[in-house]
Structure formats: structure tokens, C-alpha cells
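Trainee: Protein sequence lines correspond, in order, to chains A and B.
With UniProt numbering, the residue at position 96 of the first sequence is 96, and numbering never jumps.
With UniProt numbering, the residue at position 139 of the second sequence is 139, and numbering never jumps.
Read the hints as simulated data drawn from the structure, not as lab findings.
Model, not experiment: these values are computed from the prediction.
Glycine is no exception: its CB is placed at the ideal position from the N, C-alpha and C atoms.
There could be a bad hint or two in this list.
[What the hints assert, rightly or not] If you want the footprint, here are the derived chain A segments under chain B, 3+ residues with CB under 8 Å:
#: 1; segment: 30–38
#: 2; segment: 60–67
#: 3; segment: 158–165
#: 4; segment: 184–191
[Claimed, not checked] Example chain B residues on the side facing chain A (calculated, C-beta under 8 Å, incomplete):
#: 5; residue: Thr94
#: 6; residue: Ala153
#: 7; residue: Ala156
#: 8; residue: Ile168
#: 9; residue: Asp191
#: 10; residue: Ile230
#: 11; residue: Thr232
#: 12; residue: Ala234
#: 13; residue: Thr237
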Amino acid sequence: MDTHQANLRPLIEAQKVSKHFGSFHALKEVSATFYEGQVTAIIGPSGSGKSTFLRTLNRLETHDSGSIRVDGIELNDDLKNLDAIRREVGMVFQSFNLFSHLTILRNVALAPIRVRKTSPAEAEAKAMALLERVGLADQAHKYPVQLSGGQQQRVAIARALAMDPKVLLFDEPTSALDPEMVNEVLAVMRELAHTGITMLVVTHEMGFAREVADRIIFFDNGVILEDTTPEALFTQPAHERTKAFLSQVKHGF
Amino acid sequence: MKWTRKNPGWVMFAAMIGLLLFLWGMAIPLAAAPDPIGPAAKQFAEGARVTVWLTLISGSVGVVLGVIAGLGKLSAFAPLRWLCNFYVWLIRGTPLLLQILFVWLAVPQILPDSLQISDFACAAIALALNIGAYNTECVRAGILAVPQGQVEAARALGLSPFQTFMDIVLPQSMRVALPALANNLASLVKDSSLAYAISVVELTMVGYRIQAESYQPIPVFLTIAMIYLILTTAFTTLTAALENQLDVGRKRQENS
Ligand SMILES: Nc1ncnc2c1ncn2[C@@H]1O[C@H](COP(=O)(O)OP(=O)(O)OP(=O)(O)O)[C@@H](O)[C@H]1O
Ligand SMILES: [Mg+2]
């Protein structure tokens with residue numbers, strides 16, 4: 001397939017990953033390889049397993065079988081591996097999940113101080129630079145509740161970037177936002193995509209997926225139904241399910 | 001009240017200074033009072049200091065016990081859960097006076113003769129165990145109130161379970177648990193009076209002795225009650241200010 005460029009280094013290799021919730025089979029032998037610098041959009045109907053898949057990649061959910069390697073490190077019960085992987089993989093959540101008792105600056109600086117043992121002064125200087133980058137340096141000393149949803153999500157992106165991750169996972173980063181705030185977050189993500197960081201983005205923003213993503217994956221019922229370029233998926237979807245989903249999205253929910 | 005809400009640090013400082021001034025200085029105005037209060041002013045002050053010490057020591061240990069047992073109750077390790085449940089069940093189901101007497105009478109039999117502890121220490125241990133059990137429930141409720149997303153965000157950033165607990169879960173749970181913990185501390189000021197039963201010379205014991213010598217219970221007990229009221233007020237002010245301090249980030253503040 002044209003998304004599997006041989007000249008790129010594989011960063012995440014998922015092989016036959018399965019996940020059950022009780023008797024419910026949420027992921028059914030999902031295999032996919034994500035390459036360095038690639039921006040992948042993950043789309044699909046509600047409940048199809050998009051979040052579950054993303055969350056197995058940094059072990060917020062454990063997988064029942066199959067294997068996941070991140071930057072060559074096997075994701076398993078070995079805590080050393082897990083620590084190493086979580087340092088390489090950043091995550092941005094639908095509901096922001098900023099630490100509500102810490103200032104914006106502290107939110108961004110905390111993980112480098114605790115995990116990378118960066119000095120507080122250095123971590124805060126870097127946090128300020130990142131806040132500058134997402135356009136929120138003037139909000140550094142406020143608390144999360146004092147910010148709008150769009151601003152909080154931009155802080156969450158800065159917080160993830162503070163650990164210098166190789167991969168950023170986004171789980172519907174704009175779904176909890178009022179419509180007028182969606183664009184400010186997408187703008188930051190678009191800018192990020194151009195820096196060459198590897199991104200996996202679960203999204204319902206088809207315009208964004210089409211414009212920014214190098215690759216698009218369509219999830220349905222716990223399997224990857226299509227894995228192709230946005231151009232191909234939007235112009236000639238291979239499956240009826242994909243067609244139905246796309247026309248539903250186009251006509252709004 | 002707006003100023004006190006906005007400057008909890010100063011309120012805490014003022015309440016602390018007020019408490020200290022009161023503890024060390026109250027003998028002076030009391031000495032000017034008529035019989036039987038005046039001549040016993042120093043005893044009143046000494047008794048109040050013992051009461052405050054007893055409260056602070058058992059209160060602090062009680063918070064630590066509450067955090068440990070509160071966590072234990074949420075542990076995935078069943079025997080630890082049973083142990084913590086048993087502790088809370090035992091303490092909450094028996095009278096405090098019995099617990100104090102038990103520590104005072106039973107512990108010396110258990111400990112070797114070379115390692116005997118004072119009456120004050122017995123009272124402090126019993127009170128700490130007691131308030132610890134009540135704190136356990138508050139801490140547990142506070143921990144359960146921390147949204148799962150906060151923990152996930154911390155873990156995804158690479159914080160260890162222990163760092164996640166210390167940096168994220170504990171401070172956020174305290175915000176929820178603090179009003180209840182403060183309540184427990186205010187009752188502890190009063191509950192510490194039961195230490196008189198094992199002859200710890202705290203405030204109530206002082207009052208009992210002075211009225212026994214003077215045969216004037218009414219002025220003596222009124223004085224004692226007033227001192228207790230001032231102490232509980234100081235503690236309540238302190239904890240309310242601490243609550244405000246921890247409340248930052250929870251709701252929008254006018255001054256930003
Ligand atoms: N912790 C859980 N316990 C039980 N079932 C779960 C759990 N998490 C997810 N599921 C189930 O697994 C299925 C896949 O969920 P997932 O959140 O991955 O879907 P999704 O594709 O992200 O959907 P959405 O677009 O609604 O976010 C759903 O049917 C969901 O109910
Ligand atoms: Mg989802």
C-alpha cells in the first residue's frame with residue numbers, strides 16, 4: 001500500500017492486537033505500522049474501537065493478545081519498558097484533563113521536572129516557550145478553569161510537547177469544544193504536523209483529516225476496514241460501510 | 001469576608017499568631033480576674049497548652065493515619081483492605097473513653113519495662129488512632145472524587161504511580177476531604193478532654209481540680225468553656241483558610 005513508505009523508520013508497530021471488555025470484543029486482531037513523521041487520521045463510527053486502539057498504544061488500556069512495539073520497545077507488563085514508552089508517547093484527551101489544582105505553567109512544567117528531572121527553572125522556561133508557541137504565554141499563571149475549552153486544549157498540547165515525545169496521540173481533541181474554538185486548536189495541530197512530529201489523530205473533523213493527514217484509517221467494529229491516503233478514501237472508498245459513514249458525516253449527525 | 005477569601009495565607013498566619021499569643025499570654029489578663037480564676041491563671045494557661053499540644057500531635061498523626069488507611073481501603077490487595085476496614089470498624093464501634101483507657105492500661109503490659117510511655121503519650125496515641133479512623137472515610141471519599149482523567153493524564157505523561165498520587169491525586173482529594181477533616185479536628189479539641197480520665201493535666205482536668213479546691217464550679221467551668229470556644233474558633237479559622245488556599249483552581253476567581 002502506498003502509505004507504507006519503505007524509506008521511513010517504523011515508530012509504532014501493532015500486530016494482531018486484540019482487546020476484550022468482558023465478553024465484548026473491542027479490538028479484533030488489529031495490525032498497523034506507523035512511521036516516523038507520518039500524520040495519521042483515525043476515523044470511524046462511535047464505539048468502533050478508535051479510542052481503545054489509541055489507548056492501548058501507551059497502555060492506558062492493556063491489550064489481551066498481539067504485540068505492540070514503540071520505537072523498538074515491546075509494550076508489556078515490564079514497568080521499565082512502560083516508563084520508556086510513555087516518555088516517547090504524548091497524549092491529548094478529548095476532555096483536556098489539565099491538572100485542575102496547578103497553574104497553566106505548572107501543568108506544562110510538571111512532567112519534565114518529575115520524569116526527566118529537569119530543574120524547575122529550566123522546565124518553566126521551556127514551558128513558557130511552549131505556551132508562547134500555542135499563543136497562551138499571557139495565561140501562564142492562571143488556573144485551567146479560568147481558560148476557555150480551546151485554550152485548555154492548546155495548553156494540553158503544550159503539556160504533551162514538554163516531554164519531547166516522538167509520537168503524539170490525539171483522541172478527538174476538538175469534540176468537546178464549542179464550534180468557534182475548534183479552529184484555534186486545529187491551527188495548532190496543523191502547525192505541529194508541519195514540524196515533522198509523528199501524529200495519530202482520532203477525529204471527526206473530515207476537513208482536517210483530508211488536508212493535514214498523510215494517511216487515514218477507517219475503523220469499524222473493532223477492525224481496520226480501510227488504511228489508505230485521505231485522497232483515496234474520500235474520493236473512492238472501498239467499502240460500503242465507509243461510504244455510508246462518509247455520507248452520514250457529510251450530512252451531519 | 002471577601003478579603004479573607006482572597007488572602008487565605010494571611011488569615012492562616014493571623015489565626016496562628018492569635019492562637020500562640022492566646023496560649024502564651026492568656027495568663028496575664030486571667031490573673032486580674034477575681035477568685036477563684038485569678039490565682040489559678042497559670043494553671044489555666046498550662047492546661048490550654050496541653051490541650052492544644054494533644055490536639056496538634058494526635059491531629060497530625062491522625063491525618064497521616066487517615067491517608068494511609070484511606071488508601072489501604074482502596075487497595076487492590078484484599079488483606080490490606082480487610083485490615084483497614086477492620087480498623088475503622090473497631091474504632092468507630094467502640095467509645096473513645098474505652099480506647100483511651102485501653103491504651104493507658106494495656107500498652108504498658110505489652111511494652112517492656114524499659115520502654116514505658118507517659119500518660120500524655122497514651123492519650124495522644126489513643127486520640128490519633130481514633131481520629132485516624134474517622135479521617136479514613138473522608139480521605140477515601142476525597143480520593144474517589146478525583147476524576148479518572150487526571151490520573152490518566154499523569155500516567156500518560158510518564159509520572160509513576162507514586163508521583164501521580166503525591167502530585168495529583170492527594171492534593172486534589174484533600175480539596176474535597178478538607179472540610180470533613182477540619183470538622184474532625186475541631187471535635188478533637190473537645191474530645192481531647194477525655195484524656196483527663198487517665199490523669200493528663202489538660203484543660204478540663206485543670207478546671208476539675210480548681211473547682212474541687214475552690215468549691216466554685218460555675219465561674220471555673222465558664223472560664224474553661226470560654227477557652228475551649230476560643231481554641232475551636234482558632235482551629236476552625238485556620239482550617240477554613242487552608243480550605244480557601246487549596247480551593248484555587250476549583251472555581252473561577254474574580255481577581256485574575
Ligand atoms: N472501560 C470500558 N469498559 C467496557 N467497555 C468499554 C470500555 N471502554 C470502551 N468500551 C466499549 O468498547 C467499544 C469501543 O469503544 P471506543 O471508546 O474505543 O470507541 P470509539 O471508536 O472511540 O467511539 P467514540 O467515537 O464514541 O469515541 C465501545 O462499544 C465501548 O462501549
Ligand atoms: Mg472515542
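Trainee: Indicate, hint by hint, whether the structure satisfies it.
Mentor: Hint by hint, here is what the structure shows:
1. 30–38: violated (count 0)
2. 60–67: violated (count 1)
3. 158–165: holds (count 3)
4. 184–191: violated (count 0)
5. Thr94: violated, 37 Å
6. Ala153: Constraint on alanine 153 (chain B) satisfied, holds at 4 Å.
7. Ala156: Status holds, d = 4 Å.
8. Ile168: holds, 6 Å
9. Asp191: violated, 31 Å
10. Ile230: violated, 32 Å
11. Thr232: violated, 28 Å
12. Ala234: violated, 26 Å
13. Thr237: violated, 23 Å
Going through the hint list in order, the structure does not satisfy hints 1, 2, 4, 5, 9, 10, 11, 12, 13.
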